[in-house]
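Trainee: Protein sequence lines, in the order shown, are assigned to chains A and B. For the first sequence, the residue numbers in the numbering used here are -16 to 317. For the second sequence, the residue numbers in the numbering used here are 9 to 300.
Some hints here could point you the wrong way.
[Stated by the list, open to error] Calculated lysine to any residue pairs in the SDA-like style (CA-CA distance at most 25 Å, straight line): (1) 275/B - 283/A; (2) 284/A - 68/B; (3) 44/B - 123/A; (4) 275/B - 103/B; (5) 44/B - 222/A; (6) 103/B - 283/A; (7) 275/B - 222/A.
Bear in mind the hints are in silico, worked out from the structure with no lab data behind them.
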Amino acid sequence: MNFGRDKLTKYGLAATLVIAAALPFLSDNMFLLNLLVLMLISIIFASAWNLLAFTGQGSLGHAAFFGIGAYAATLIAVRCGIPPFVTIFLGAAVAAFIGILIGLTCVRLKEWFLAMVTFGFAIIVQTLTVSVLAPVTGGWDGIASPRLISPSIPGYQFIEYYVVLVITIASLAAIWYIMKSRIGLAFLAIRENELEARAAGVDPVRYRLLAFAMSAYLAGVAGALQIYHIGYLTPDLYGVNNSFWPITYVILGGLGTIAGPVIGTIVLTIIWEGLKETGLTFGRYVIVGFILILTIIFLPKGLVNLPERVQVWWKERGRKGSGARPQRSVWWFF
Amino acid sequence: MDNLGIFLQILFWGLYAGCIYILLATGLNLIFGVMKIVNFAHGEFLMIGAYITATVFFLTGINPYLIILVSMLALIGIGAVVERLCFRPILGTGKLNEIFLSIGLIYIFQNGAAMIWGDSWQSVRSPYDGITVPLGPLSVPLDYIIIVALTAMILIALYLFLKKTKTGMEMRATSQNRKGAMLVGIDVERIDVISFGLGCALAAAAGTLWVVSGQVFNPYIGSMPAVKAFTIIILGGLGSIPGAIIGGLLMGIAENGAAFLLGGIWKDAVSFIILIVVLVIRPTGLFGEKGD
Chain A
-16 MNFGRDKLTK YGLAATLVIA AALPFLSDNM FLLNLLVLML ISIIFASAWN LLAFTGQGSL
44 GHAAFFGIGA YAATLIAVRC GIPPFVTIFL GAAVAAFIGI LIGLTCVRLK EWFLAMVTFG
104 FAIIVQTLTV SVLAPVTGGW DGIASPRLIS PSIPGYQFIE YYVVLVITIA SLAAIWYIMK
164 SRIGLAFLAI RENELEARAA GVDPVRYRLL AFAMSAYLAG VAGALQIYHI GYLTPDLYGV
224 NNSFWPITYV ILGGLGTIAG PVIGTIVLTI IWEGLKETGL TFGRYVIVGF ILILTIIFLP
284 KGLVNLPERV QVWWKERGRK GSGARPQRSV WWFF
Chain B
9 MDNLGIFLQI LFWGLYAGCI YILLATGLNL IFGVMKIVNF AHGEFLMIGA YITATVFFLT
69 GINPYLIILV SMLALIGIGA VVERLCFRPI LGTGKLNEIF LSIGLIYIFQ NGAAMIWGDS
129 WQSVRSPYDG ITVPLGPLSV PLDYIIIVAL TAMILIALYL FLKKTKTGME MRATSQNRKG
189 AMLVGIDVER IDVISFGLGC ALAAAAGTLW VVSGQVFNPY IGSMPAVKAF TIIILGGLGS
249 IPGAIIGGLL MGIAENGAAF LLGGIWKDAV SFIILIVVLV IRPTGLFGEK GD
């Protein structure tokens, strides 16, 4: 049984990689390619958020790290003339450093407090960007950033797609490796029971900080990639929406799994773009909201868990519940 | 004299802004006290309340201060349904789930409102617009005075409800000890619905006050006041209603002071800076219980 599932996972993984590599050849639709690049970046971003969630910390302000990565990468590239390929990682390092700083205030906080502090942090960063730092960042107007691959090179979109694909795969592999290592075990131990983790010799503060740094780093990479793809950046990057998207992707796909963010991002992107065809504007968000709530209530482990749920349902389908019907009063609904 | 005048002016603006925060934070505290959940989408109820008030006002033209009752009643209903359909099923499944669920509610309410009413800025003119009352060295708009008085009335009514009525006592019992309340025969799930509805009604009252004070509104106004209301209850103590009232006033004053001294753009950031500084010093909030 276990063997079969492992094999299935392996084949699934190989098939996904082949499809991902072949996609640009199947269609020379530039719009589609553009969408795929943005989707890959969202996968990195959602995985980054999920990495922090592995330790039980749910951030509501990951847009801050996304934006810091983007701004730092662009500013370093523009001011120092370093090529974008290098500054992606330099910008992300800045995001990681700031992630450690904000992590220091967060490591002792409980869920709601942490959510509030991270949410507030994104707003503080946005405020700083448009006020004190405006001479450097361009304020609300934003600034132009260099492209990852110069548009003068023929077929630059294809090269860009493959570069982003490689970085995405590398990020996912890194997360997989981390989660397999002692660090990953420590993360899970902290999430499940902090007191027991401490008793087993795991220092929760140190590992939470580590999670913050790594998560912020990856979010920074995603931010830098997106900005080098679009070629322009504005303080909207720090917006609430940008903080909520990775959460939605991860919840839909499956919180605390490596495949979850990937599946969630792909499925939701397809739904999102499909709904675009229907001409809905605000309605799309309403539908995303319903998807999110229904997932939380009826599929708490996300789409990753769906095959297992179907299996269980299939086995149980013959049996009928024989329990007594609950009594109904005037308040039966409530 | 001039400085004193400005100081008093800021103090009064803070008092008025504080009223909205107090109502929101009190509602959140009521819900948290009974259900031990935190609803990050609470501000959306403020926004819905604001739109209901405005819509009824545009349709009938009656005094918007009276519409507060309509909007509060409507939100009791909406709140009860949201509690039953969304929060009840996930009660006790982990605090992160509540946060994620709230995000879904934020998506639905904000964009649902945008579908119904459009996303442009709107405003309502209060019937007392332009009337000012001399109060010491400054002249205060009559609207502000009514708003402060109305907030005080709502809080007193809430206090009496919680202290004197049977349902109020049941709510307090549930918030003190949920299991104990069940043991003495209180239907805690009914109490959950009532508390959630009441909390939403308080948010609706805040929304009405937002509208009648002449502030512009659109479907996205709710998030920021709600997040600030959270800051207030974190600082004032989760579940403590006096803490919410004092915290709300201080927040209103601090924010308007900061906006005056540093410029309007800092208005939002200041409350979070205060929050982070306080949480660094005391991770459980100013009056929160120590440890787990």
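Trainee: Could you run down the list of hints and mark each one as holding or not?
Mentor: Against the structure, the hints:
Restraint check: the Cα-Cα separation between residue 275/B and residue 283/A comes to about 38 Å, which exceeds 25 Å; the hinted pair is violated. For the hint pairing residue 284/A with residue 68/B, the CA-to-CA distance comes to about 48 Å; that exceeds 25 Å, so the pair is violated. At most 25 Å may separate the alpha-carbon atoms for a hinted pair to count; residue 44/B and residue 123/A exceed this at roughly 39 Å. Under the criterion of a C-alpha separation no larger than 25 Å, the hint pairing residue 275/B with residue 103/B is inconsistent with the structure, at around 29 Å.
Between residue 44/B and residue 222/A, the direct Cα distance comes to roughly 29 Å. Violation of the 25 Å bound is thereby established for this hinted pair. A distance of roughly 13 Å separates the Cα atoms of residue 103/B and residue 283/A; the hinted pair therefore holds under the 25 Å criterion. Straight-line distance between C-alpha atoms of residue 275/B and residue 222/A comes to about 16 Å, which keeps the hinted pair within the 25 Å bound.
The structure fails hints 1, 2, 3, 4, 5 (numbered hints given earlier, in ascending order).
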